[in-house]
Amino acid sequence: MEEKIRFTLNGKKTEITTEPNQTLLWVLRNQLGLTGTKYGCGTGFCGACTVLINREPSRSCMLPVSDVAGKNVVTIEGLSRNGKLHPVQQAFVDHDALQCGYCTPGMIMTAAGMLLKNPSLTREQIIEGLENNLCRCGAHTRIIDAVETAAKEMQGGK
Amino acid sequence: MKKTDIKTQESSGEEIRNGMKRRNFVKLLGGGIFIFFQPLDIFDLKDSVLPQGRSLTKDYNAFLQIAGDGTVSCFTGKIEMGQGVITSLAQMMADELNVPLEKVKMVMGDTDLCPYDAGTWGSQTTQTFGPAMRAAAAEARSILIDLAASKLGVPASQLEVKDGFVVDTKNPGKSLSYGSLANGKKLERYLDVKPAVEDYSKFTYVGKSYKHSDARLKVTGQAKYTGDLKIPGMVFARILRPPSHGAKLSTVDVSGAEAIKGTQVVRDGDFIAVLHENRDKADEAIVKIKAEFTFNELKVNDKNMYDRMVGADSRVNVLRTTGDMAAGSEQSDKIFESEFLDPYLAHTSIETHTALAKLEGDKMTVWAATQSPFGLQDNISREMGFPLEKVRIITPFVGGGFGGKAPAQQGVEAARLAKMSGKPVMVVWTRDEEFFYDTFHPAGVVRIKSGIDKSGLIKLWDYSLYYGGSRGSDTIYDVPNARTTAYSQNMNATAIHPFGTGAWRAPNNNANTFARESQIDIMAAAAGMDPLEFRLKNLKDQKMIACWKAVADKFGYVPAKAPGGRGIGMACGTDAGTWVAMIAEIKVDKSTGKVKVVRVACAQDMGLCVNPQGALIQMEGCIQMALGYTLTEEVMFEGGNIKDRGFDTYEIPRFSWTPKMDCVILDRKDQPPKGGGEPALITVGAAVGNAIFDATGARVYRMPMTPARILEAMKKA
Ligand code: FES
Ligand code: FES
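Protein chains in written order, with the working numbering: chain R, 1 to 158; chain P, 1 to 717.
What the hints contain is simulated information worked out from the structure, not anything from laboratory work. Incorrect hints may appear among the rest.
Taking lysine to any residue and the SDA-like style, the derived pairs with C-alpha atoms no more than 20 angstroms apart in a straight line are [claimed, not checked]:
#, chain 1, residue 1, chain 2, residue 2
1, P, 288, R, 19
2, P, 224, R, 124
3, P, 660, R, 71
4, P, 660, R, 131
5, P, 561, P, 542
6, R, 12, P, 213
7, P, 261, R, 93
8, P, 230, R, 30
9, P, 660, R, 148
10, R, 71, R, 55
11, P, 224, R, 93
12, P, 224, R, 12
13, P, 660, R, 124
14, R, 4, P, 277
15, P, 185, P, 261
16, P, 261, R, 20
17, P, 303, P, 587
18, R, 84, P, 213
19, P, 587, P, 662
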């Protein structure tokens with residue numbers, strides 16, 4: 001049975017009609033055209049599908065869309081403001097923290113969520129927080145550096 | 001002017017077809033100056049297997065266009081999958097033509113727009129493509145100068161190129177832009193000259209670091225991978241899969257799937273799929289199909305496979321031999337015999353195999369995540385009976401390949417389904433399908449019998465490899481009596497590999513390097529020598545020696561005999577024309593057997609390094625990825641049933657594994673560029689294995705070196 005589901009998506013009020021058990025991942029990708037959020041495993045193990053739900057990094061591939069009713073969802077497309085990259089995005093560019101780029105949106109959303117909660121993350125905390133996001137190209141060392149830089153930037157440091 | 005031929009196209013059917021195709025490019029792209037060239041040396045290709053009906057050697061596999069708006073484009077069937085060629089090739093072109101980097105465009109992996117190319121693998125892109133492309137760019141430059149000379153009425157010698165203009169050196173106010181020179185022209189040239197060795201010191205862009213030119217698109221989620229495309233009427237497919245390789249469908253009932261609203265079930269023999277406009281619905285429908293299979297399993301699994309390999313009736317092929325094995329034994333004071341085991345490995349790109357197919361009239365267009373767009377075009381044409389020119393493959397961004405996307409079965413599946421259903425069909429393999437249909441890195445066994453004399457010189461090296469592939473099996477060390485023998489599939493015997501295998505990153509070089517460099521360490525320890533001193537004593541290869549010096553320096557290596565409890569190990573090797581030496585430092589938890597790689601130093605001689613930043617990133621990526629085959633990765637199977645179907649059991653490297661990395665690229669501007677996407681991967685297993693020995697005195701002969709295997713080896717030590 002289809003239902004109307006309302007939530008805030010990248011700052012905009014959004015209403016969709018869908019069966020409530022459809023996953024947020026495919027609703028975003030297929031129904032709402034936001035394809036920056038990636039499918040990597042569909043079973044919660046890779047993190048490519050990570051979005052922020054009420055500021056919390058969440059895996060959209062296992063999440064029924066009805067769960068986000070009334071909540072605030074941010075995807076990779078909603079992270080930059082008026083063409084200005086979010087500090088984490090900018091740091092990924094500056095550190096060249098990507099190769100094929102497929103894991104990148106999930107990495108950035110996870111890191112951005114972590115920094116929302118605690119902008120003064122240590123390197124160890126960054127590693128721990130990203131541990132369950134997988135990257136096969138091996139961009140890890142630069143991703144850690146990038147998130148460290150973004151953390152400094154967000155604390156207003158240099 | 002340099003020698004270039006304006007070719008006529010009547011010599012063969014192949015040439016006529018390609019000749020027509022060349023004119024199509026010119027028409028399609030609206031004119032300009034075109035330089036067709038051959039990025040691949042014919043003679044380098046004699047060993048590679050070409051698909052039927054294709055000729056690589058007769059024609060031009062790439063071209064360069066200068067368009068009326070001054071844009072310089074290179075069209076090639078190669079693809080970008082994270083290795084950064086889209087940036088390094090553009091740099092080379094910008095340099096040769098002296099145009100701003102932003103004016104340069106790479107058009108890759110579109111079978112309608114790009115000439116034939118066998119595929120992107122083996123670190124060949126920069127190595128073979130780069131110099132040829134630059135020669136083509138040089139040709140374009142001389143054409144531009146000639147055109148400008150006649151327009152301006154001055155001798156060509158008085159003109160030079162600068163920032164996209166041809167400038168009169170005597171009269172700097174007088175200049176013509178490339179765009180204005182190319183505008184309205186339909187000029188085709190075919191480059192038959194061998195690229196000359198060039199003066200690398202003159203380059204502006206080459207040799208400097210450039211970041212990924214596509215980074216901004218990728219960090220904002222704008223970069224389009226195949227799965228991100230959507231066209232009107234598109235449906236998602238899920239295909240009924242057998243539970244194991246070799247299983248045959250016996251009965252099937254699809255009514256459960258059909259009961260789901262909006263689902264279409266299509267069938268052609270055993271090929272059965274559900275289609276739905278929503279992916280989740282297709283997922284729901286596919287599990288409603290009731291199917292039964294019959295099995296005829298091979299009695300092979302991840303435990304007994306090695307015995308099966310060495311016991312098999314194999315084809316025996318001596319790859320290299322120098323001196324005499326009996327003499328080698330005689331000259332040796334100590335003889336060592338070891339056996340090394342290497343398992344099947346999965347590719348596990350984070351993007352699974354994905355394809356979107358659309359049939360319009362009699363033309364099939366397929367967007368696919370593939371390392372071989374033309375290979376896929378061939379397969380669709382052959383399997384579905386489409387003429388080649390009626391199949392177009394377009395390659396959007398590819399989310400990692402590592403050899404796993406050389407086969408593109410999903411593209412054929414999407415094309416078949418598009419034809420069967422009359423709708424555009426998107427196939428996105430699940431992670432389970434990705435594991436099941438992966439063409440794994442083949443497992444193998446290496447046996448080595450070697451010997452040293454009293455002074456620590458290697459006198460005997462008898463190397464046998466079973467079923468693993470010979471890349472990287474070179475002796476490297478200076479040994480008077482050496483032989484390499486390969487045992488491989490005998491055509492009349494039962495298949496050794498129970499499922500598909502194929503290229504991985506640096507195919508099998510990791511296994512050969514693991515075996516060789518472990519054996520070297522075993523001998524160094526027996527000789528009572530520091531492992532680096534032992535290596536240098538037995539090496540004559542100057543490039544390798546230079547790499548060792550550089551890496552020892554970078555690491556701050558202090559000589560000591562192993563096992564010394566420090567947890568330091570080393571290894572060297574060559575891959576894709578590149579030399580690499582590595583020193584690793586690890587910690588072993590002696591109660592659990594768990595290894596943490598703390599630090600890796602790596603030195604690489606890759607000839608001229610076109611984009612040092614890009615090359616460093618590739619080295620880091622190799623080291624990180626290699627930790628997987630070294631410590632955890634191994635495909636478990638029983639007959640044709642792949643037991644690892646996800647990241648829950650098949651563990652790939654994570655953030656907490658990342659060691660401190662110190663990478664150096666030797667300065668070799670005088671040498672042609674070589675491949676850099678794979679070499680640093682090959683030495684990690686051996687360096688870590690040798691470090692485990694240094695830390696614990698225990699030798700592990702089998703990869704991955706899991707905690708259980710390390711504990712077991714420690715018991716024996
Ligand atoms: S796609 Fe959601 S965790 Fe992998
Ligand atoms: S950059 Fe390719 S998977 Fe992370």
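Hint-by-hint comparison with the structure:
no.	hint	verdict
1	P:288 x R:19	holds (18 angstroms)
2	P:224 x R:124	violated (33 angstroms)
3	P:660 x R:71	violated (40 angstroms)
4	P:660 x R:131	holds (16 angstroms)
5	P:561 x P:542	violated (24 angstroms)
6	R:12 x P:213	violated (31 angstroms)
7	P:261 x R:93	violated (45 angstroms)
8	P:230 x R:30	holds (8 angstroms)
9	P:660 x R:148	holds (15 angstroms)
10	R:71 x R:55	holds (10 angstroms)
11	P:224 x R:93	holds (17 angstroms)
12	P:224 x R:12	violated (23 angstroms)
13	P:660 x R:124	holds (13 angstroms)
14	R:4 x P:277	holds (19 angstroms)
15	P:185 x P:261	violated (57 angstroms)
16	P:261 x R:20	holds (15 angstroms)
17	P:303 x P:587	violated (28 angstroms)
18	R:84 x P:213	holds (18 angstroms)
19	P:587 x P:662	holds (18 angstroms)
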